[in-house]
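Visitor: Knowing the structure of chain A, use the given hints to seat chain B on it.
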Amino acid sequence: MDYFAQQLINGLVLGSIYGLIAIGYTMVYGIVGMINFAHGDVFMIGGFIALITFVILISLGLTAIPVILLVVLLVSMAITALYGWTIERIAYRPLRHSFRLAPMLSAIGMSFVLTNYSQVAQGARVKPIPPFITGGYTLHESADGFVIQLSNIQIMVVVTTIVLLAIFTWLVSRTRLGRDMRACEQDQTMAALLGVDVDRTISMTFVIGAALAAVAGLMYLLYYGLVDFFMGFVAGIKAFTAAVLGGIGSLPGAMLGGLAIGLIETFWSAYFSVEYKDVAAFSILIVVLIFMPTGLLGRPEVEKV
Amino acid sequence: MTAKPATGITSLLKTAFINALIALVLFSLMVGIRTEAGSDGQLTYWTRFGELASLVGAVFGGSIVIELLRQWIGPTGAEKLVPPAVQSGMSFIGRYLTPALLIFTVLVPVIFYDQRYILDLAILVLTYVMLGWGLNVVVGLAGLLDLGYVAFYAVGAYSYGLLATNFGWSFWICLPLAGILAAFWGVLLGFPVLRLRGDYLAIVTLAFGEIIRLVIINWQELTGGPNGVSGIPRPSFFGIPLDNSDEGLAARLGIEYSPTHRIVFLFYLILALALLTNWVTIRLRRLPIGRAWEALREDEVACRALGINTTTTKLTAFATGAMFGGFAGAFFATRQGFISPESFTFQESALVLAIVVLGGMGSQLGVALAALAMIGGFELFRGLETYRMLVFGMSMVLIMIWRPRGLIGHRAPTVYLTKAEAISSDLVKEGHG
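Residue numbers (our numbering), protein chains in the order written: chain A, 185 to 489; chain B, -1 to 431.
The hints are simulated quantities; they were obtained by calculation from the structure and are not laboratory data. Hints should not be assumed to be uniformly reliable.
To be verified - Now the stretches of chain A that chain B is said to cover, found in silico as 3 or more residues with beta-carbon under 8 angstroms: (1) 233 to 246; (2) 265 to 273; (3) 301 to 311; (4) 413 to 426; (5) 462 to 468; (6) 473 to 481.
Unchecked claim - Among chain B residues calculated to face chain A with C-beta under 7 angstroms, some are: (7) Ile31; (8) Thr33; (9) Val202; (10) Ala205; (11) Thr384; (12) Leu388; (13) Val395.
Stated by the list, open to error - Computed Cβ-Cβ distance ranges for the label pairs, DEER-style: (14) B:Tyr385 to A:Leu480: 54 to 60 angstroms; (15) B:Gln69 to A:Val382: 39 to 45 angstroms; (16) B:Thr309 to A:Leu254: 52 to 58 angstroms; (17) A:Leu254 to B:Thr343: 36 to 42 angstroms.
Predicted model only: the values in this text are computed from it and were never measured. Where is the CB? At the ideal position from N, CA and C, for every residue including glycine.
Same shape as in the complex, but just chain B:
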């Protein structure tokens, strides 16, 4: 009776001790010693044994806690965590969540009219919702892992920025152009990677994103290089400027001018763009091309055997996703008024991808909630700027371990056989996608 818990505790302590020892070696030099280049170029160093000790202690304590949690709720509790009553409640919530969220989103500028910070944050979240939905077409529906999505965002942003500053074209002319150009680049990227699958595809798209960024940095005559493009015109309300002048919208409507008008306009603009993305995606899923995307995601070989043209299927997926990225980019440029290559790093691609994956790859609502959680979470860590990406990376790893299919892990094909048939497990173990 007493012997069993005793061995449990000893093994527990032993594991924790070993983990702490590993942590000690790992952190010994990287954390325990801090180097810095002095003014004369010589390296100096000082020790930080206090931090080292607390980190190792944290690992020791943490592994005890994790081990205890694993023993108590791990093997048995995993399936039972959500009782049936809560599950039916969840489905009830699930049915009304989308309309409720939509109504709330539409009302955000009314509720938070005076809080500029919240409006700005909401615009940012919606931009990422749109990017997430755009990438969802490529990753979630067609199952093509794209690590260079930010390239299309950049193409859209630079298309608008350069056309507007060089030729003075208005936002409403440039917006479709930015989408078309981005889609064109999507096809251009799509062609060479048609034969690639999975990991290779991911790396090539990553390389493509880097190429676009490096060209933007180095092609100084066109893009201004690292200095970026500044003085990008703000959007107008279909030709009527949103400023303090006599021509402005406020003067014409006879109301007092306020800079918030423009923010509210931007908010509804990105909301409309995001909803357009969502609507197009939902409609496309019901068309033959959408079905073909899902078929491609589930099994490429079977897809080809059934006579689906995988070339056009992949290219349209890339082009559609890229087009929405281009729209979002044009919006980004007009909102910021300034763009530089720094906004289009691999980190952005990874962030958007993380949103799609966290959202459950294919679930529209999941992507929106994930964008809210991610960007909101980033804002919470605003004060701890340096730790932000560290936490981001850790959460990506933990989410993959905890729920590899995303928080809302629902990815049912739009069409399926109604009669369930048992199939041998070795037919599905490869886990295509």
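If we strip away everything but chain A, and leave its shape as in the complex, we get:
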């Protein structure tokens, strides 16, 4: 039971990170109708920028951890958001009215560009950072000595995710931008006729998605203590799986799917085999698409002639 509870905590933390990435996929899919294949690599770029900012701040002699974290968060969000904006501008916007597969293939190309760009720019080796946030709480200690740990970093990941989700939900449901986004999702032509700047709205979608991915990258860096140039690929597919599981196009669904994937992966590693945890995640994607193509919270897609 204790082992189960510990895995539950680990799974929820991992799931929060996946959920943050999945939101980027699901938003873009909802509005533009394409799979932003490069989104996993945007997450990786976010992790790298966070790492570099950390290194600089520490070498400048800053010691106050909350200040460092805040600066790193803001810098990585800002720069990664600009990456998201640039990617949309260069690789997707010219293809918006092209045939269906063109943006997808362009996105695959962009994914290669980003992966290899960071490999060329930062080297192929894994970059570790020393643990910043240490300590934690012992929730429960059983008779046979098994301890349920809740570390501070786990608390931070979950709290940050909840805060971001609250801000994000407010943004989508209450602001002008959120209304524009929902309008574009329903009908771009009609939205444009009613005075919504469709181009700008789509750009902002990519910017927000990239900023959330940057937060996920920072969380990943803090939680696992390392980044490498290839981490975006697998994380990206898993987050996409999460988005599909939750119902693509649905924002709460993305978070729910992220948590589900995180839990499944953690429990699979804990009770079955670590080697096959990715196989488990990918198999779930296939199984979900066969039996529940609309996901948990998605709307059925009506095929029109």
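Guide: Just chain B now, with coordinates in the frame of chain A:
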């Protein structure tokens, strides 16, 4: 008179300046700072402001050049770039290009007999031509985007590698088996994805390819895991080994043995396999099943309304494409003598897909030329190993922007109405496929 160019230049400079500024922010940390883990696990960093400055300068200059090009030839020149005289010349070339290329390809081992490097490269190009033609059945004809094609390549390679090393079966028995096994896996993948379309299909096939690779890595008892399978036997000339022994082909023919014989044999083997793929594809296009594939690509709903069984149509497309992938995989295994999961990553799938897309999705000649351009281009960048995939990704994006339908963007259905009829644009704007 003077005012107009002046504003042009100012706006030009302004755009370039803004682009350079964006580039500065983008590259500031990723390029300007280089981090590396030291020996004690601590991260160290050093600055590279020179590289950063030159990159930003390149973006500044590049955006001026692109903007100028766009102003001069962009809006008007796009259609007129190819004058009619050149166009008729192109069609003349087009008619004789295929036979000429084929004759040249057949003669390659004769012309370059002494140049082992060129022969090896030619074999590699032909392997990708074959993979491209195989994937073309799925993507180009049936319009099903498959991002996990490398899985079938892997199935073929491992089928031959394991059967040959464990049971000692010969290449010529294993080749059809590898094709059948790969086709079987193609059907297995096909079943669950029958209801999916477009992007979903792409992701599921990608996940499938990754699953196969991960199973190969982790199922160590069977596949040897990351160490791969080594000591895979070389192919024989229908039972006669191509080696230095008394039994070898060279001894039997009474000529001096040379290791090049085997290379030449491999060359003709893959050429024959690739041409077989091409021939089967061309013949299938004329059969009802080929027509059904093309109909499926053009419009699935209409296809179903006309009574075409989309289930069998999709499954046969997957199975046929997978079978050719399996053949190519068996050839790869016998050529290399060693296979490991590293050869079957997503990059390979993307490369083959890029070849098909660049070739114009459905054009056999286009795919062959694209394979030549891609693999040849890779060889040119051999010295710049790290930049290779970067350039590959960039060219994929640029090709999509510049010519989304591929270099030879011809994808006419085999049968069509002779009388052209004007239809409302909103009927076609969705751009199915």
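Visitor: All hints are to be evaluated individually against the structure, with a verdict given for each.
Guide: Hints, one by one, checked against the model:
{"no.": "1", "hint": "233 to 246", "result": "holds (count 7)"}
{"no.": "2", "hint": "265 to 273", "result": "holds (count 3)"}
{"no.": "3", "hint": "301 to 311", "result": "holds (count 10)"}
{"no.": "4", "hint": "413 to 426", "result": "holds (count 4)"}
{"no.": "5", "hint": "462 to 468", "result": "holds (count 4)"}
{"no.": "6", "hint": "473 to 481", "result": "holds (count 3)"}
{"no.": "7", "hint": "Ile31", "result": "5 angstroms, holds"}
{"no.": "8", "hint": "Thr33", "result": "6 angstroms, holds"}
{"no.": "9", "hint": "Val202", "result": "6 angstroms, holds"}
{"no.": "10", "hint": "Ala205", "result": "4 angstroms, holds"}
{"no.": "11", "hint": "Thr384", "result": "5 angstroms, holds"}
{"no.": "12", "hint": "Leu388", "result": "4 angstroms, holds"}
{"no.": "13", "hint": "Val395", "result": "4 angstroms, holds"}
{"no.": "14", "hint": "B:Tyr385 to A:Leu480: 54 to 60 angstroms", "result": "43 angstroms, violated"}
{"no.": "15", "hint": "B:Gln69 to A:Val382: 39 to 45 angstroms", "result": "26 angstroms, violated"}
{"no.": "16", "hint": "B:Thr309 to A:Leu254: 52 to 58 angstroms", "result": "56 angstroms, holds"}
{"no.": "17", "hint": "A:Leu254 to B:Thr343: 36 to 42 angstroms", "result": "39 angstroms, holds"}
In the structure shown, a violation is registered for the earlier hints numbered 14, 15, in ascending order.
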